[in-house]
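**Q** Residue -7 is where the sequence shown starts when you use my numbering, and the numbers rise one by one after that.
Warning: the hint list may mix true and false statements.
Said to hold, decoys possible - Restraint-style ranges between C-beta atoms, simulated for each label pair:
| # | residue 1 | residue 2 | range |
| --- | --- | --- | --- |
| 1 | Leu19 | Glu120 | 17 to 25 Å |
| 2 | Leu93 | Leu71 | 14 to 22 Å |
| 3 | Asn26 | Gly87 | 32 to 40 Å |
| 4 | Pro84 | Leu19 | 29 to 37 Å |
Hints listed in this document are in silico derivations from the structure and should not be mistaken for laboratory results. Small disclaimer: the values here were computed from a predicted structure and weren't measured. Each residue gets a CB set at the ideal place from its N, CA and C atoms; glycine is no exception.
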Amino acid sequence: MTRSKSRRRVILVVDDELDVLLPLADLLDKLMPNVKVYAAQSAEEALAFLAQNSVDLVITDLRMPGLDGEHLLGVLNALRTRPASILMTGFPEPGAMFRCLNENQVGAIVTKPFDAAVMADTANRLLESRQVPGGVAA
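With the hints as extra help, turn the sequences into a complete structure.
**A** Spelled out as structure tokens, the structure:
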């Protein structure tokens, strides 16, 4: 009997604040050993990464210069295989959060500051909910 080899899951963290982005990416990398974590400092950088790479989960800040997280989530919906998503925000905006939940199908909203273990648990939950037999993301 042969066992199918499942690919390593990929998370892309997007935040313009390096003091949030880098520690979060490092922490998720340590807490989630079966996941590869990448970081992007803008929605534009994230879109360039997504054009070349398959991603299972995008964790993005809401407010960023240039394209914001809401716009990035909208673009994710147009992808053939839409990744799961988590929206982070330090400035809860009910209208934007409502649109992200309903129109952009964000999987979770996490307010800053957040507990790193909670973020890792949320990411794991979303990745597991997208897992189907054979190791392929839904």
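**Q** So, against the hints stated earlier in the document, which numbers end up violated here?
**A** 4
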